[in-house]
Amino acid sequence: MSKEIEPVSYRKVTILDYITAGFAYGAIFLVRLLPFTLASHLGAFLASTFGPMFKKSQVARKNIAAAFPDKTEAQIEMILREVWETLGRAAFEFPIMNRLVDGNDRNRIEIEGEEHLRAAEALGKPILFFGAHLGSWELIAMSSRLMNIQSNIFYRAPNNPLLLKLFTQRPINGEMIPKGAPGAKRAFTLLKRGENLGILIDQKLNDGIPIPLFGRDAMTGTVLAKFAKRFDAPMVPVRCVRLPGARFRLSFLPALEVTETDDETTIMTTVNEMLESWIKEDPGQWLWLHKRWPD
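So the sequence shown is residues 517 to 811, counted in my numbering.
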């Protein structure tokens, strides 16, 4: 059996890495002393207070305005504030997510569409779960633990090597696979073995293909479509929406139908159309902070 792989690092640990890691672990220690709701609200308050001042907010304003040309400036600012609230909540909830899957806070999660998950499971093929940075993407990653189903998860390694264990030691029922060529090869091996895989599909990928998103071409990764075609694997959408009171709704939707004649562009166009519909319903819960579209 092949071993799990570690992300490749091309630089040595710096003094700044030690400083930022010390700050991060200190903050995590303090957050773990707090009740879940208080930690979530504190993260939302801090991020929404200071986040709009950051340079990335200009990118977000531009993205939101282009996606929703009918929105007023005040409405755009309201969405932006919600975006920062979502990010702040996600950051402060991250160290205590285990409470949602293994602890007393599990009742904060509403589950919808379990029948779609079980229907895909009954096919006896590897399942491709896909979601987005919407609501709580960490909860999407941990949904396999909640539903008692095996799934390996792609992740992006942090820039600071000293923080790597925070990302690889999450409560999931599977293996954490670093993004990149070695990770893709590892995912292929695990799918060939019949194991499941979870992917977040809304990130920009420069070597992807242009697929429309909000009426503009966005460079989109094709690994989901490639694996679906190669393994005849059902693609199950997983959506997370934040609810009031630091609660969540986790929804499993019917597996997307893929025919033999569907190519990667067709499949990913369908996926982006679904992603767009999710974002339109809850625009403040998606991360608009990145340059998802070309200038």
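Treat each hint with caution, since some may be false.
Pair ranges (Cβ atoms, derived) [said to hold, decoys possible]:
#, residue 1, residue 2, range
1, ALA543, LYS571, 28 to 38 Å
2, LYS708, ILE535, 16 to 26 Å
3, ASP618, THR775, 33 to 43 Å
BS3-like mimics (lysine-lysine), calculated; alpha carbons at most 27 Å apart, straight line [to be verified]:
#, residue 1, residue 2
4, LYS742, LYS720
5, LYS701, LYS720
6, LYS745, LYS701
7, LYS745, LYS708
8, LYS578, LYS720
9, LYS572, LYS807
10, LYS587, LYS720
11, LYS681, LYS641
12, LYS695, LYS641
13, LYS796, LYS807
14, LYS695, LYS742
15, LYS578, LYS742
No lab work stands behind these hints, which were simulated from the structure alone. Note that CB positions come from ideal geometry on N, CA and C, so glycine has one too.
task: Mind checking the alpha carbons of LYS695 and LYS641 for me, to see if they're no more than 27 Å apart?
output: OK: LYS695 and LYS641 at ~23 Å, within 27 Å.
- prompt: When you check the alpha-carbon spacing of LYS695 and LYS742, does it fall within 27 Å?
  reply: OK: LYS695 and LYS742 at ~15 Å, within 27 Å.
query: Holds or violated: are the alpha carbons of LYS742 and LYS720 at most 27 Å from each other?
result: holds (17 Å)
query: Can the suggested window of 28 to 38 Å be confirmed for the beta-carbon pair ALA543 and LYS571?
result: Violated, since ALA543 and LYS571 (Cβ atoms, about 22 Å apart) do not stay within the stated range.
task: Starting from LYS681, check that the Cα of LYS641 is at most 27 Å away, please.
output: violated (31 Å)
message: Can you confirm whether the C-alpha distance between LYS701 and LYS720 stays at or below 27 Å?
response: The given pair, whose Cα atoms are some 20 Å apart, holds under the 27 Å limit.
- prompt: Does the structure keep LYS745 and LYS708 at a Cα separation of 27 Å or less?
  reply: The hint holds at about 13 Å.
message: Against the range 33 to 43 Å, how does the distance between the Cβ atoms of ASP618 and THR775 compare: consistent or not?
response: Between ASP618 and THR775, where Cβ atoms are some 40 Å apart, the hint holds.
message: Check whether the Cα positions of LYS578 and LYS720 lie no farther apart than 27 Å.
response: holds (16 Å)
message: Hint check: LYS578 vs LYS742, CA-CA at most 27 Å. Holds or violated?
response: Not OK: LYS578 and LYS742 at ~32 Å, beyond 27 Å, violated.
message: Does LYS701 sit within 27 Å of LYS745, going by the straight-line distance between their CA atoms?
response: holds (16 Å)
- request: Starting from LYS587, check that the Cα of LYS720 is at most 27 Å away, please.
  value: Since the Cα atoms of LYS587 and LYS720 sit roughly 24 Å apart, the hinted pair holds (cutoff 27 Å).
Violated hints for the displayed structure, listed by number in ascending order: 1, 2, 11, 15.
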